[in-house]
Amino acid sequence: MINRIIRYAFIIFLALFISCRQNLSQSGKLSDSAKTNAAKARGFLHKDGQTLFPIGFYELPRDDAELQRYVRSGVNLFRCSGKADLDRVAAAGALGWVPLGLTAGENEELKSKIASIADHPALVVWEGPDEIVHSFTRWSGLYRTLHVYKSRDEWEQQKPNAIAYSEKKAREIMPAMHKAIKMIRRMDSRNRPVWINEATNSDLKFVRQYVDAIDITGADSYPVKESERDVAVIGDITERWEKVGRNQNEDRRPHLGIEITGIDDLNGRDLQLLYGDEKFHVERGKLITRLTPLQVKVFATGRQWQSQQLKGDLKGLQDL
84 MINRIIRYAF IIFLALFISC RQNLSQSGKL SDSAKTNAAK ARGFLHKDGQ TLFPIGFYEL
144 PRDDAELQRY VRSGVNLFRC SGKADLDRVA AAGALGWVPL GLTAGENEEL KSKIASIADH
204 PALVVWEGPD EIVHSFTRWS GLYRTLHVYK SRDEWEQQKP NAIAYSEKKA REIMPAMHKA
264 IKMIRRMDSR NRPVWINEAT NSDLKFVRQY VDAIDITGAD SYPVKESERD VAVIGDITER
324 WEKVGRNQNE DRRPHLGIEI TGIDDLNGRD LQLLYGDEKF HVERGKLITR LTPLQVKVFA
384 TGRQWQSQQL KGDLKGLQDL
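In terms of the working numbering, the sequence shown opens at residue 84 and continues consecutively.
Source of the hints: derived by calculation from the structure; they are not laboratory data. Incorrect hints may appear among the rest.
As the list claims (entries may be wrong) - DEER-style ranges, computed between Cβ atoms:
(1) 156 / 202: 27 to 33 Å
(2) 131 / 356: 55 to 61 Å
(3) 165 / 361: 53 to 59 Å
(4) 347 / 311: 45 to 51 Å
(5) 142 / 311: 20 to 26 Å
(6) 165 / 378: 45 to 51 Å
Note that the structure is a prediction, hence the values are computed from the model and not measured. Heads up, the beta-carbon is just placed ideally off N, CA and C, and yes, glycines get one too.
From just these sequences and the hints, can you work out the full model?
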């Protein structure tokens, strides 16, 4: 039981404090409502004139006596499904957050849900869909349950089918989420922050497609297990998620020069950047290119490999 309590506490530590603190303090292009939330929150909760470090649980105890015991132990935030849960949390002296389905966009169901609890004094955070990017990229159910992937490692191998599926889902989901978040901003007079939680390894390309519209981002972490207690991993995860930010770490200037030598056998030949337009004519067994941070470039003597890969046809590539 103790392991379980500690594990869930760490989830909220990471999602509602560390990532909130980093994201809300970063500069960049923010909506007016997001700027207001950033100025107010700074990664903490506020109740009865007090500033509270968020210690929260996804699971709301069904028994009121048990709920009181959690609150006396220092827990101050619980996941609530609606008004009844928020009433219980308020009576116990705690606060709550409520999950909302944003992927369907602006609709009457969402509007009714927001209207029913927008004025509740115990509500402090709106939660978006859990691990939304993970759900259409790395989720094992895409292979085991939905049979979208033909093998469990299609995303890790960046197979054309996995890439095409993720791009299609992103085109459907992201605009809808933006519309739903705008509805929350219009209806919530208290301008509460919107939080979306991801998996630790969710693809940051897609996360960046919605992160400027929300106020808090974070990731699940389970460092305390029966078999191991690697709490230090939270630092590694936080470092990764700091890079999502508000474009602060998105330095796109190609100021890293790379010289590749020892390719004398290619003298006189042209090299083509795969999935790009850059070209080089090899002379004296070397070429020089420039990179942005974390960028990878792959050059080839022709585009045949790229064309075959995009088609999913790998036959004959061993002869290239």
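Verification of the hints:
1. 156 / 202: 27 to 33 Å: holds (29 Å)
2. 131 / 356: 55 to 61 Å: holds (59 Å)
3. 165 / 361: 53 to 59 Å: Given a distance of about 54 Å, which is inside 53 to 59 Å, the answer is holds.
4. 347 / 311: 45 to 51 Å: About 50 Å separates the Cβ atoms of residue 347 and residue 311, which means 45 to 51 Å holds.
5. 142 / 311: 20 to 26 Å: holds (23 Å)
6. 165 / 378: 45 to 51 Å: holds (46 Å)
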